[in-house]
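Undergrad: Each chain, letter by letter, is given below.
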Amino acid sequence: MVSQIQPLELHPDRLFSSDPKQRELSRALYKTVANLPIISPHGHTDPSWFANNECFKNATELLIIPDHYVFRMFYSQGIKLEDLGIPRVDGGQVETDYLKIWHIFAANYHLFHATPSRMWMDFVFSEVFGFTEVFCPANAEQFYHTINEKLNSDEFRPRALLKRFNIELLATTEGAGDDLVHHAKLKGTGLEKTVITTFRPDDVVDPDNWKFQETLAKMAGQTGEDVHSWNGYLNALRKRREFFRQHGATATDHGHPSALTADLTTAECEKLFATVLSGNATAEQKELFRAQMLTEMAGMSLEDGMVMQIHPGARRNHNLQVFQQFGPDKGCDIPGRTNFVEDLRPLLAKFGTASDLRIILFTLDESVYARELAPLAGHYPCLKVGPAWWFHDSPEGMLRYRHNITETAGFYNTVGFNDDTRAFLSIPSRHDVARRIDCRFLAQMVAEHRLSETAAFDLAYDLSYRLAKEAYQLTK
Amino acid sequence: MVSQIQPLELHPDRLFSSDPKQRELSRALYKTVANLPIISPHGHTDPSWFANNECFKNATELLIIPDHYVFRMFYSQGIKLEDLGIPRVDGGQVETDYLKIWHIFAANYHLFHATPSRMWMDFVFSEVFGFTEVFCPANAEQFYHTINEKLNSDEFRPRALLKRFNIELLATTEGAGDDLVHHAKLKGTGLEKTVITTFRPDDVVDPDNWKFQETLAKMAGQTGEDVHSWNGYLNALRKRREFFRQHGATATDHGHPSALTADLTTAECEKLFATVLSGNATAEQKELFRAQMLTEMAGMSLEDGMVMQIHPGARRNHNLQVFQQFGPDKGCDIPGRTNFVEDLRPLLAKFGTASDLRIILFTLDESVYARELAPLAGHYPCLKVGPAWWFHDSPEGMLRYRHNITETAGFYNTVGFNDDTRAFLSIPSRHDVARRIDCRFLAQMVAEHRLSETAAFDLAYDLSYRLAKEAYQLTK
Amino acid sequence: MVSQIQPLELHPDRLFSSDPKQRELSRALYKTVANLPIISPHGHTDPSWFANNECFKNATELLIIPDHYVFRMFYSQGIKLEDLGIPRVDGGQVETDYLKIWHIFAANYHLFHATPSRMWMDFVFSEVFGFTEVFCPANAEQFYHTINEKLNSDEFRPRALLKRFNIELLATTEGAGDDLVHHAKLKGTGLEKTVITTFRPDDVVDPDNWKFQETLAKMAGQTGEDVHSWNGYLNALRKRREFFRQHGATATDHGHPSALTADLTTAECEKLFATVLSGNATAEQKELFRAQMLTEMAGMSLEDGMVMQIHPGARRNHNLQVFQQFGPDKGCDIPGRTNFVEDLRPLLAKFGTASDLRIILFTLDESVYARELAPLAGHYPCLKVGPAWWFHDSPEGMLRYRHNITETAGFYNTVGFNDDTRAFLSIPSRHDVARRIDCRFLAQMVAEHRLSETAAFDLAYDLSYRLAKEAYQLTK
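Protein chains in written order, with the working numbering: chain Z, 5 to 480; chain V, 5 to 480; chain C, 5 to 480.
Simulated from the structure, these hints should not be mistaken for lab results. Please note: incorrect hints may appear among the correct ones.
One copy or two, it doesn't matter: identical chains are merged, so the pair holds either way.
Calculated lysine-lysine pairs in the DSSO-like style (CA-CA distance at most 27 Å, straight line) [as the list claims (entries may be wrong)]: (1) LYS35 <-> LYS215; (2) LYS290 <-> LYS61; (3) LYS473 <-> LYS84; (4) LYS25 <-> LYS35; (5) LYS84 <-> LYS354; (6) LYS35 <-> LYS275; (7) LYS189 <-> LYS84; (8) LYS473 <-> LYS334; (9) LYS191 <-> LYS275; (10) LYS275 <-> LYS84; (11) LYS197 <-> LYS25.
Keep in mind that this is a model prediction, so the values were computed, not measured.
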């Protein structure tokens with residue numbers, strides 16, 4: 005491993021094909037979209053940042069500890085999560101010397117060669133913090149102090165960064181029981197249409213969710229409904245959706261283990277709900293309940309116009325020891341197969357032909373792109389394919405997405421890019437990667453005479469900006 | 005969306021790599037196959053066209069209404085099938101103003117950017133009708149009238165087009181109960197060896213087929229067999245195969261939901277058949293019956309030498325509302341997973357080592373190319389891999405096919421190209437796409453020194469022409 | 005088929021991209037690794053070759069009859085295995101005229117166009133035997149006699165080839181009951197650290213293995229343990245692992261039908277083992293036993309430090325007739341789906357967080373690369389992804405591997421290349437293909453500004469040499 009200091013240069017042609025014809029076309033296309041405002045309709049930044057506008061405190065705390073994309077790689081190489089300062093659920097001892105953690109980061113930065121994490125991080129170092137050297141052990145401490153210093157300045161406060169990043173819209177994601185105080189605080193600041201929430205009811209529709217009973221009780225208080233009757237429960241959800249819409253939400257989000265949907269009778273629903281509430285539901289009954297709730301949510305979307313996002317297929321907390329010691333979202337969610345064709349049938353039989361319903365499907369199982377998602381979205385009026393997600397939110401992942409989706413679903417059954425991130429500083433970089441890869445794909449189509457140049461310029465704009473706004477009804 | 009008129013030019017290098025070395029090799033290879041006669045051994049054109057040789061009537065009626073590749077895309081964007089003139093099964097009101105439908109087509113032509121439908125349609129506009137402008141709302145009406153005028157001329161009669169398209173052989177596909185009057189009418193015209201039929205018995209071997217009982221009864225009349233006894237039923241099928249062979253058929257075709265096969269005893273078959281006839285068969289029994297019938301058909305192929313095609317994996321009529329209102333083949337068939345390795349075992353255990361049996365396997369599940377189909381066809385003497393099919397009959401689909409199949413199965417366990425289309429005018433375009441993509445693939449292999457240039461020229465000919473003739477025994 | 009004689013030239017740029025920029029970078033990278041010693045930590049060469057150092061006898065016997073990659077292709081085209089001299093299990097008549105078989109090989113050599121078998125064989129003809137013409141019917145006999153003559157010379161004895169091939173380490177694979185006489189014979193020759201064994205216990209942990217009872221009995225004699233008690237059985241396995249380590253083994257290998265693991269109680273294990281021994285175990289019980297044994301083997305690896313390799317997913321002997329007539333390893337193993345995410349859970353729940361355990365996962369189901377293996381290896385400390393395997397040990401297979409694995413698992417959760425071959429003469433060629441493809445991949449990353457040139461040179465060395473040594477603990 006060479007650790008001598010090298011210049012950090014983000015090459016203007018990065019991620020473009022090295023074929024001269026394609027590269028030139030990519031450049032021309034990219035030039036027209038590079039500076040478009042960012043639409044980020046799905047993500048996980050913390051709304052308190054924008055509500056309170058306090059300075060971020062520390063490089064390690066901001067860039068490593070919350071980012072499971074980063075620390076999972078270190079963990080895979082035998083570095084303990086405790087040594088990376090990841091908090092234990094039992095409050096047990098973990099490393100608190102942030103500089104020491106930062107040095108681990110530097111010493112292992114080579115693990116990220118050719119990964120998106122490396123690309124995002126280099127962008128943050130170069131474009132956000134202005135470094136001109138490649139991060140390495142020799143300059144790690146200097147980076148650390150410089151970053152901390154900058155974070156402490158007004159130009160690096162969350163709202164200043166929102167503006168500097170040219171973010172036109174940023175949707176956060178909150179659980180159904182959230183009181184949305186941060187979004188409420190934004191009202192009247194001029195940012196209430198910039199930072200909006202998204203309704204994510206997993207904690208009250210998934211009996212396996214660790215906060216299920218707690219959130220249910222909370223929702224009872226918030227809505228005055230009898231959440232232990234099926235009808236009251238549904239009404240409570242309706243009221244919560246309404247509350248979220250008052251805080252800007254245009255969309256809901258659903259992160260189920262599978263894409264299973266169901267269409268039970270009201271009597272069956274009432275019985276199943278009672279079983280779920282009793283705490284005696286079997287795994288199958290819980291899965292059926294989640295399935296029914298996806299269909300209920302689609303029905304409510306038809307009522308209130310909210311866009312529905314389904315993010316299925318993560319086998320959450322696959323490493324049970326890590327989950328028990330460190331809690332959820334610690335890099336041990338692993339994708340599994342998803343069967344959209346069979347699983348979505350009940351929902352689609354009920355609502356599939358409604359052209360005023362909008363369901364955006366995401367997947368962690370790329371084998372479904374050409375086989376299932378493109379044919380489904382290329383037929384059903386209500387279905388759109390969400391962008392390459394999570395492990396596949398990467399140059400190769402995005403290329404596979406376009407190459408597999410486009411011929412059957414076209415471009416207009418897709419919805420632009422989502423960054424889906426809690427790493428606020430990486431947002432410009434992530435959108436930049438998506439724009440570059442889309443331009444690269446379009447350039448290839450033009451270079452191979454499969455698309456006209458005129459159309460490519462229109463599409464570059466649509467994929468970078470317009471489709472996201474339209475798909476999430478942000479133009480209203 | 006720019007709608008100003010642009011020149012329509014089919015670039016001579018379209019679909020080739022933009023890498024200069026590969027492009028030049030592609031050109032050289034393509035030049036030797038571009039004008040070879042078309043062998044179309046599997047498709048769905050209407051034999052009455054060639055039997056009666058009447059003029060096609062109308063652009064909309066010919067190019068939009070029968071083409072579910074086209075109208076499914078419009079439907080996915082919220083345009084009603086009624087507004088596209090798709091006939092309802094109840095005879096209910098649909099749009100009959102063909103020019104109005106044509107305008108919808110023009111207004112939404114951009115939906116097809118970078119799809120094969122767009123490529124085929126541009127070819128038809130340019131090469132078949134001689135247009136020099138890109139189709140758009142501004143010239144839509146002119147296109148419409150010009151096409152209708154041309155369709156009304158002798159040069160655009162079906163037989164004239166057959167000749168102009170340089171079609172050496174065209175196989176249509178008919179159900180087991182079809183009386184083949186159109187093929188009979190071709191006898192003595194000199195076209196009886198050009199337009200042949202294919203035996204597709206789905207309607208009498210699939211108890212879920214809506215015409216099952218009807219076709220069974222018809223077959224009884226046609227063959228004089230007791231089709232309600234297992235033995236009589238099999239004999240009736242033998243006679244129908246013979247009748248189809250008398251009308252040129254060299255192949256059978258089987259479009260089952262899965263690739264499942266079975267090898268039951270005669271007693272089990274008799275019992276299962278009786279259950280199926282009773283109308284009380286469960287879903288599993290019906291699946292088992294289809295499975296057994298694939299094995300029976302393979303056995304009959306060994307007897308009579310017909311090539312067997314298996315096209316499994318379409319989840320037919322996934323959108324039940326559309327099926328109920330508009331019938332089958334309305335763009336709502338969705339692919340699903342297919343498990344060739346387990347499903348074909350019983351058939352292969354019985355007939356797999358017979359080198360005088362020929363079974364051509366197609367798939368809608370590309371994940372099986374490298375994992376299942378190439379290893380199976382690279383071992384079993386009776387198995388060949390059919391070309392990229394349906395949703396995958398596209399530039400990207402064909403490239404994935406060659407990249408995934410070749411290293412394990414080679415080229416000689418594949419069978420050339422099928423267009424599988426009911427869109428007669430698009431046939432030259434579809435074969436042109438296949439030839440270009442094959443030449444592109446071969447050019448890449450040569451450019452990367454993985455194949456000799458000499459071999460590439462041989463293979464270009466084989467993939468474009470020879471293998472299809474041999475695989476379907478059209479040289480006899 | 006052109007059969008005129010053509011010059012045989014292995015182009016120095018073979019397998020590199022034809023893009024000039026990428027090609028030039030590939031050349032520069034490859035130049036630094038082309039002559040590195042070969043580390044072959046997993047393969048199936050015969051240790052008696054190196055122990056006895058006798059001359060190989062015959063071209064057909066060495067290059068065709070044992071190589072199921074080769075004869076499966078001929079079989080798929082209708083050539084009988086008997087005519088290729090493949091021995092029957094019943095000792096029945098097969099072709100013994102090796103020159104006649106060699107002529108079949110020549111007459112059908114075109115079947116391998118663009119396959120890895122062709123690439124390996126051309127390399128053997130050119131680099132190992134020095135031929136300057138492409139193999140074809142016209143020179144087949146000359147090739148045959150020249151090869152036989154060379155094989156009979158001292159320079160072509162196994163140990164001379166080991167040296168000439170620059171093989172630093174070669175691991176063979178032996179069953180648990182093997183007495184390792186050939187490895188014992190190597191002690192004191194200076195080759196005992198060059199040719200080592202690998203512990204493959206399938207024949208004593210898989211009740212479906214045809215040698216299960218036989219090997220169990222043998223192991224009883226070898227270890228003095230009561231192999232019919234659960235505890236004695238485990239101790240016997242421990243002793244055999246120790247015996248293998250004394251003959252150089254650093255790794256174990258497990259070729260199960262699936263990746264299923266289990267974590268039963270001791271009482272359950274004892275009961276299951278008794279059922280297995282009784283010969284009355286159901287298919288499910290046998291699968292559960294194999295599953296439990298993977299977990300037991302992982303536990304023993306933690307005890308003794310051996311690296312564990314899991315090669316799941318082959319549906320062995322799919323063509324039952326061929327198996328019955330010719331035995332195992334006759335080209336009729338077909339890949340199937342593998343579900344690593346669910347199947348490995350029990351083992352990982354028990355040992356997954358141990359950073360001093362090393363499990364290398366291989367797959368025949370490429371759909372799991374990005375969806376399962378990269379996320380698993382990019383998280384669990386004990387897991388690494390083995391190289392592209394068997395049907396996927398090919399240029400395209402290796403490219404898919406890197407493109408699908410790297411972004412989530414990085415390079416450092418992979419383990420370099422394995423040739424996995426019994427075709428000794430092809431070993432240099434196989435490693436050459438792997439090095440070229442890795443350099444090509446790295447060159448693309450550099451050309452697209454996704455990786456620095458400095459890092460690419462480090463990685464070329466690591467992927468070609470260092471990672472294999474480290475992963476298999478060959479540096480100790």
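Undergrad: Out of the numbered hints, which ones does the structure contradict?
TA: 1, 2, 6, 7, 8, 9, 10, 11
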